Amino acid sequence: AQSVTQLGSHVSVSEGALVLLRCNYSSSVPPYLFWYVQYPNQGLQLLLKYTSAATLVKGINGFEAEFKKSETSFHLTKPSAHMSDAAEYFCAVSTYNTDKLIFGTGTRLQVFP
Amino acid sequence: DTAVSQTPKYLVTQMGNDKSIKCEQNLGHDTMYWYKQDSKKFLKIMFSYNNKELIINETVPNRFSPKSPDKAHLNLHINSLELGDSAVYFCASSQGPGGYTFGSGTRLTVV
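Residue numbers (this note's numbering), protein chains in the order written: chain A, 222 to 334; chain B, 1064 to 1174.
Where hints are given, some of them may not hold.
[Claimed, not checked] Below, simulated DSS-like cross-link-like pairs (lysine-lysine); rule was C-alpha separation at most 30 Å, straight line:
hint : chain 1 : residue 1 : chain 2 : residue 2
1    : B       : K1103     : A       : K289
2    : A       : K279      : B       : K1103
3    : A       : K279      : B       : K1104
4    : B       : K1104     : A       : K290
5    : B       : K1072     : B       : K1134
6    : B       : K1104     : A       : K289
7    : A       : K270      : B       : K1085
8    : B       : K1103     : A       : K270
9    : A       : K279      : B       : K1099
10   : B       : K1115     : A       : K270
11   : B       : K1107     : A       : K289
12   : B       : K1072     : B       : K1130
13   : B       : K1072     : A       : K270
14   : B       : K1104     : A       : K270
15   : A       : K279      : A       : K290
16   : B       : K1082     : B       : K1107
17   : A       : K290      : A       : K270
18   : A       : K270      : B       : K1107
19   : B       : K1099     : A       : K270
Hints in this document: simulated from the structure, not taken from any laboratory.
What you are looking at is a predicted structure, and each value in this text was computed from that prediction instead of being measured.
Chain A on its own, in the form it takes in the complex (with noise of 0.2 Å):
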């Protein structure tokens, strides 16, 4: 079975600072990783994946994430926080054989001027 962990329900930062947002997952065959965004009252908006292509992977809005098979990881970046990032995060797991995402208890960014 497969599963995400994020860690750290609630992140502040203040606004140009750098954004870390935690992912663990486990997966007993090679994953597929995604970070999906939610703002207030809306959707879920993709802001990247990872499909078994590249390690470092740039997503909207400048974010980006880096696949580590080491340390089971899958962070999610941003260099210079903008008060438009403040919404709830999610990381999500799914992979070859099994038809569904599995997403982790998300993490909300605050972001203070």
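Assemble the complex: chain A is given as a structure, and chain B must be docked to it using the hints.
This is chain B only, laid out in the frame that chain A set:
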């Protein structure tokens, strides 16, 4: 043109009522899903259908009945609504495990 569209966006209803949420995708994907997001924002899969055939049923009460008239549509019917059914329900579609597209959600409030 919205890829995965759900209706209604908001639904307020009384306990005991029966309601339906509709979902349509125009991406040509074979697989469609229903996810539930609870009050703590936790997202969990409820059902998946592949080309009109039920694939996943994740221990959802049988008051919830998905229906897929064709591979572009997956509707969710809920009987005898309870307070605990209040949540945001997301429809999604995919063409394989590498990519999932979500609808904008239906916020169901049972009073």
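Taking the hints in turn, this is what the structure says about them:
Taking the CA atoms of B/K1103 and A/K289, the gap is about 29 Å. The hint holds against a cut of 30 Å. At most 30 Å may separate the alpha-carbon atoms for a hinted pair to count; A/K279 and B/K1103 meet this at roughly 29 Å. At roughly 25 Å between alpha-carbon atoms, A/K279 and B/K1104 fall within 30 Å of each other, so this suggested pair holds. At most 30 Å may separate the alpha-carbon atoms for a hinted pair to count; B/K1104 and A/K290 meet this at roughly 28 Å.
Restraint check for B/K1072 and B/K1134: satisfied, since their Cα atoms lie roughly 22 Å apart, inside the 30 Å limit. Annotation: proposed proximity of B/K1104 to A/K289 holds, straight-line Cα distance about 27 Å (limit 30 Å). Proposed proximity of A/K270 and B/K1085 is supported: the alpha carbons are some 28 Å apart, at most 30 Å. With a C-alpha separation of about 24 Å, the suggested pairing of B/K1103 with A/K270 holds against the 30 Å cut-off.
Proximity of A/K279 to B/K1099 is assessed by CA-CA distance (about 28 Å); at most 30 Å being required, the pair is judged to hold. Note on B/K1115 and A/K270: the hinted pairing holds, with a Cα-Cα distance of about 27 Å set against a maximum of 30 Å. Proposed proximity of B/K1107 and A/K289 is supported: the alpha carbons are some 25 Å apart, at most 30 Å. A threshold of 30 Å between alpha carbons decides the hint, and for B/K1072 with B/K1130 the separation of about 19 Å falls inside it, so the pair holds.
At most 30 Å may separate the alpha-carbon atoms for a hinted pair to count; B/K1072 and A/K270 meet this at roughly 27 Å. With a C-alpha separation of about 21 Å, the suggested pair B/K1104 and A/K270 falls inside the 30 Å cut-off, and the hint holds. A hinted pair counts as satisfied when its Cα atoms are at most 30 Å apart, and A/K279 with A/K290 qualifies at roughly 17 Å. A C-alpha spacing of about 20 Å is found between B/K1082 and B/K1107, which places the hinted pair at or below 30 Å, so the restraint holds.
Annotation: proposed proximity of A/K290 to A/K270 holds, straight-line Cα distance about 15 Å (limit 30 Å). Between the alpha carbons of A/K270 and B/K1107 the distance comes to roughly 19 Å, so the proposed pair stays at or under 30 Å and holds. A distance of roughly 22 Å separates the Cα atoms of B/K1099 and A/K270; the hinted pair therefore holds under the 30 Å criterion.
Hint compliance for this structure: every hint is met.
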